[in-house]
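Protein chains: 2
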Amino acid sequence: MSKSIKRKSKQRASAFAPATVANVAVGFDIMGFALEGLGEVATVERIPLADQASPVIIGPIKGFPEIVTEPEKNTAGAGLLRLIQDQKLKFGFRVQLVKQIPVGSGLGGSSTSAVAALVAANALLDKSLSPHQILEYALIGEEVASGSRHADNVGPCLLGGLLFVRSFPRLSYAKIKTPSIVRVVILLPKLSIKTKEARQILKPEVPLSRVIEQTANLTGFILGCVSKDLQLIRESLRDAIIEPQRAALIPGFSRIQLAAMNAGALGCSISGSGPAMFALALDQKTAVKIQKQMRVACHAAGTPVYGSWISGISKRGAHLNP
Amino acid sequence: MSKSIKRKSKQRASAFAPATVANVAVGFDIMGFALEGLGEVATVERIPLADQASPVIIGPIKGFPEIVTEPEKNTAGAGLLRLIQDQKLKFGFRVQLVKQIPVGSGLGGSSTSAVAALVAANALLDKSLSPHQILEYALIGEEVASGSRHADNVGPCLLGGLLFVRSFPRLSYAKIKTPSIVRVVILLPKLSIKTKEARQILKPEVPLSRVIEQTANLTGFILGCVSKDLQLIRESLRDAIIEPQRAALIPGFSRIQLAAMNAGALGCSISGSGPAMFALALDQKTAVKIQKQMRVACHAAGTPVYGSWISGISKRGAHLNP
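Protein chains in written order, with my numbering: chain A, -3 to 318; chain B, -3 to 318.
Bear in mind the hints are in silico, worked out from the structure with no lab data behind them.
One thing to keep in mind: the hints can contain errors.
Note that identical chains are pooled: a pair holds if it fits in a single copy or bridges any two copies.
Said to hold, decoys possible - In silico lysine to any residue, SDA-like type, Cα no more than 25 Å apart, as pairs:
no., residue 1, residue 2
1, K199, E209
2, K6, S188
3, K281, F60
4, K171, S205
5, K288, I63
6, K224, R166
7, K6, L45
8, K173, T65
9, K123, I208
10, K192, A46
11, K285, S126
12, K285, L120
13, K86, K288
14, K186, S304
15, K190, L204
16, K171, A9
17, K199, L121
18, K6, P200
19, K173, L226
20, K288, L85
21, K281, R90
22, K173, I208
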């Protein structure tokens, strides 16, 4: 994103925003990573402001046209509306979206809309926003979708990599280096889980012993990533708190997880609030094997597979298309 | 610790083990760091095995002679007894201890006995133990003292630095790099808190919102240390779970903590299960100011000060004396 003030304003821009895996087994609400390739494209045009109409028009949405297009209820629209208001823009935006992943899959499908639209819109502004500002506007969209202000999808979606992000007491984030060899396997069972519902089933209290176990897992995972200690990653990438409560939302979860681990995964858990699952692998060959075994186990549990992918962890996050 | 097999066995050795700050506000039961200078010296001699007597004799204990000297109940003795048994040694040990800090202070005073005695005893063995083995024996001593198998004191005491350590499902540990400029202020109010009692007051359940806050603090602190991001350390070194429950054990806690923060501390919390408190500072001058203000606040709260120290984080941990 250029920070220079443009002399001749751009009228149209297109941006890609990657799907993301939030929580990552050990970092509920505070961690996520971006995928390569899989995501969403937003094409945004400047439109004149009309007195009676909304300054933001959403649509068409390719891929999943059932998504709400009223701008204030749409994750892309909500942030743009606030942006127009805050920056006192003399123009509005028309947003077209091409989605590769369904909303409600646990792959940050509402964040991709918000982030892709904002990154594209940012290219049309006379004065560019900082990444931090884009994140704040994307969080407005995230709030519309999930009912809570969590940046564990929008953060890595915008900035890439494995990201620690917290939105309280202030929005702050830091990247965590990951071994570059790591491959990600994503399995998306054909189920729909709403983030709000997945949050509601969580017990409001956690046993202290589980907290100790989880903080040890979290620390071991971070230090394993930082020092490239794969054994430490393997023994740490386990969810002692959230997964045991949410696994029941995915029929066959334990079977699929076991299949991934037996096929050589470093770890396997729920992506975001599911139903997507992720597994980490150390090379492409193992990833292929894991993908196959996860698909087989999912089918065997009677749950159809919507799709599965093998990806890397995207270093760059959302970006303008040329 | 030399790993070579000694031809002529040493009969007597002396080792220093540093005091430690466990929990470190964000890592209850899984993290601790070693202090420079403050700690305990153990002098260990080989003694012949006598049929009727215990193979380990503890004493004299200088500094705090009230400590139990029955070897199986003493933190230094318990590990040595197991060592003699496991390794089928043909000799026993006499252990003299010189303690600088009282047991029950929250500075790992039982770990220093166990670790110093084991490091000295290790120098008298025909075949040296690995650090991992020493840690396992030290944990036996820790169990005698606290009733639970936690390595957050013995780990950094033996290995030095800021250490992540977990004892479940297996004993594992990893060092966390800290900015070398960091200075540690220790304030020890004249109170005695037993680890067992400090554990008993903890509620068995933690609100999920606190877990999220604490895991964010933990992650921010680790990443702040790794990337030398002092702002991140400052906003993260806060205990959302344990400190609010244990602060009442230290009359004037909030006042002392506030005094430390106002004097420029990066963070300030309870050391281990208290009553010692620690604060981190970025230079000696600030550390001196913090120390003074903490002492003043402690006195003002009506609690006498047993002692206070300024130290660095010890990189090397326990070591043989020349």
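So, going through the hints one by one against the coordinates:
1. K199 - E209: For K199 and E209, both the intra-copy (17 Å) and inter-copy (16 Å) Cα distances are at most 25 Å.
2. K6 - S188: For K6 and S188, neither the intra-copy (38 Å) nor the inter-copy (70 Å) Cα distance is at most 25 Å.
3. K281 - F60: Close neither inside one copy (32 Å) nor across copies (61 Å); limit 25 Å.
4. K171 - S205: Between copies only: 23 Å across, 28 Å inside.
5. K288 - I63: neither (31 Å within a copy, 61 Å between copies)
6. K224 - R166: Classified as between; 20 Å across copies, 30 Å inside a copy.
7. K6 - L45: Answer is within: at 17 Å inside a copy they meet the 25 Å cutoff, but 89 Å across does not.
8. K173 - T65: Close neither inside one copy (37 Å) nor across copies (49 Å); limit 25 Å.
9. K123 - I208: Close neither inside one copy (47 Å) nor across copies (36 Å); limit 25 Å.
10. K192 - A46: neither (35 Å within a copy, 70 Å between copies)
11. K285 - S126: Classified as neither; 41 Å inside a copy, 38 Å across copies.
12. K285 - L120: Cα proximity of K285 and L120: none, with 44 Å in one copy and 52 Å across.
13. K86 - K288: So K86 and K288 fail the 25 Å test inside a copy (52 Å) and across (58 Å) alike.
14. K186 - S304: within (11 Å within a copy, 62 Å between copies)
15. K190 - L204: The answer is between: 20 Å across copies meets 25 Å, while 28 Å in one copy does not.
16. K171 - A9: neither (27 Å within a copy, 47 Å between copies)
17. K199 - L121: neither (44 Å within a copy, 52 Å between copies)
18. K6 - P200: Neither way: K6 and P200 sit 48 Å apart in one copy and 58 Å across, limit 25 Å.
19. K173 - L226: Cα proximity of K173 and L226: in one copy and across copies (13 Å, 19 Å).
20. K288 - L85: neither (50 Å within a copy, 54 Å between copies)
21. K281 - R90: For K281 and R90, neither the intra-copy (43 Å) nor the inter-copy (58 Å) Cα distance is at most 25 Å.
22. K173 - I208: Close inside one copy (24 Å) and across copies (22 Å); limit 25 Å.
Violated hints, listed in ascending order, are 2, 3, 5, 8, 9, 10, 11, 12, 13, 16, 17, 18, 20 and 21; each of the other numbered hints is respected by the structure.
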